[in-house]
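Participant: Chain by chain, the residues:
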Amino acid sequence: MQIFDDYKDHADFLTIYIREAHPLDEWRMKSNEKDKDDVCYVQPKNLAQRVAIANDFTQRFKFSVPFGIDEMNNAANDAYAAWPERLYILDESGRISYKGGNGPFQYDPKEVRAWLAQRYGEVKHPEPAPEKKS
Amino acid sequence: MNRTLLWIAISFGGLVVLAYVGLSILAGGPRDAIEMVRFALPYMHRGKLKVGDKAPDSQLVALDGATRFHIRERTNGRPLVLVFGSFT
Chain A
8 MQIFDDYKDH ADFLTIYIRE AHPLDEWRMK SNEKDKDDVC YVQPKNLAQR
58 VAIANDFTQR FKFSVPFGID EMNNAANDAY AAWPERLYIL DESGRISYKG
108 GNGPFQYDPK EVRAWLAQRY GEVKHPEPAP EKKS
Chain B
133 MNRTLLWIAI SFGGLVVLAY VGLSILAGGP RDAIEMVRFA LPYMHRGKLK
183 VGDKAPDSQL VALDGATRFH IRERTNGRPL VLVFGSFT
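Top line first, the protein sequences correspond to chains A and B.
Numbered per the working numbering, the first sequence spans residues 8 to 141.
Numbered per the working numbering, the second sequence spans residues 133 to 220.
These aren't lab readings, by the way, just hints derived from the structure by calculation.
Keep in mind that a hint or two might mislead.
What the hints assert, rightly or not - In silico BS3-like pairs for lysine-lysine, Cα to Cα no more than 30 Å straight-line:
| # | chain 1 | residue 1 | chain 2 | residue 2 |
| --- | --- | --- | --- | --- |
| 1 | B | K180 | A | K15 |
| 2 | A | K69 | A | K106 |
| 3 | A | K131 | A | K69 |
| 4 | A | K37 | A | K52 |
| 5 | B | K180 | A | K52 |
| 6 | B | K180 | A | K106 |
| 7 | A | K117 | A | K15 |
| 8 | B | K182 | A | K37 |
| 9 | A | K131 | B | K180 |
| 10 | B | K182 | A | K117 |
| 11 | A | K117 | B | K186 |
| 12 | A | K37 | A | K131 |
Just so we're clear, the structure is a prediction, and the values are computed from it rather than from any experiment.
Please work from the sequences and hints to get the whole structure.
Facilitator: This is the structure we're talking about:
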């Protein structure tokens, strides 16, 4: 996540893993089934399954952004109307300073970058070179 | 009277078909339209939170599956970017 790399010295980030959007037993997506990464899961029925998928995700993508998992009562998801994906920025006093739209169509990281750039200036570190396949 | 009812029924049926076709195009296919209505729409909300509102706090689970922490614990006197999402 390039925004995290660029602004982690200025702001904190927290990824919150919520209920799956396109599991095999609900609204499955052909693109997931064809995906070279084979992103095919059923909707987790317990916390252990949710934790396992979250770990698979972070390990596969070497995801370095701080990570939390929503409880099975979906409390964080419900509080923030977050499903299927959504972005927020909380200010220093714990108030909502930016509320993004519902993904995927209104999910716009550029708006988060613009918010951070307005406050801290443009920051753009070079993207890491892709790993060579052995 | 019967003729009026017939036209109402035809119009209603036409609207249903149009809605189904529209949803199918939006969702990616006829099966996707049904699954979208069944599994996505009940969970997709605009939400009542507004800019300026106090951010709700929730308990989260760490990747070890055991440690619990609160969103509020991550506000360390700096802005906090929350990224909600899933794998699929």
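Participant: Sort out whether K106 (chain A) lies within 30 Å of K180 (chain B), counting only the CA atoms.
Facilitator: Holds, because 11 Å separates the two Cα atoms, which is no more than 30 Å.
Participant: Hinted pair, alpha-carbon criterion (30 Å max): K69 (chain A), K106 (chain A). Please report holds or violated.
Facilitator: holds (27 Å)
Participant: Starting from K180 (chain B), check that the Cα of K15 (chain A) is at most 30 Å away, please.
Facilitator: Status holds; Cα separation ~29 Å.
Participant: Please work out if K117 (chain A) and K15 (chain A) have their alpha carbons no farther apart than 30 Å.
Facilitator: It holds: about 16 Å lies between the C-alpha atoms, which stays within 30 Å.
Participant: Straight-line Cα separation of K180 (chain B) and K52 (chain A) no greater than 30 Å?
Facilitator: It holds: about 27 Å lies between the C-alpha atoms, which stays within 30 Å.
Participant: Check whether the Cα positions of K182 (chain B) and K37 (chain A) lie no farther apart than 30 Å.
Facilitator: Violated, at roughly 35 Å.
Participant: Has the given pair, K131 (chain A) with K69 (chain A), been kept, meaning a C-alpha gap of at most 30 Å?
Facilitator: holds (20 Å)
Participant: Does K186 (chain B) lie within 30 Å of K117 (chain A) when you go C-alpha to C-alpha?
Facilitator: holds (24 Å)
Participant: Are the Cα atoms of K37 (chain A) and K131 (chain A) separated by 30 Å or less?
Facilitator: Roughly 35 Å between the alpha carbons, so the hint for K37 (chain A) and K131 (chain A) is violated.
Participant: Mind checking the alpha carbons of K37 (chain A) and K52 (chain A) for me, to see if they're no more than 30 Å apart?
Facilitator: holds (22 Å)
Participant: Could you grab the alpha-carbon distance between K131 (chain A) and K180 (chain B) and see if it respects the 30 Å cut-off?
Facilitator: Measuring from Cα to Cα gives roughly 34 Å; hence the hint is violated.
Participant: Keeping to a limit of 30 Å between CA atoms, is the pair of K182 (chain B) and K117 (chain A) held or broken?
Facilitator: Holds - the C-alpha atoms of K117 (chain A) and K182 (chain B) are around 20 Å apart, at most 30 Å.
In summary, the structure is inconsistent with hints 8, 9 and 12 from the numbered list given earlier, while agreeing with the others.
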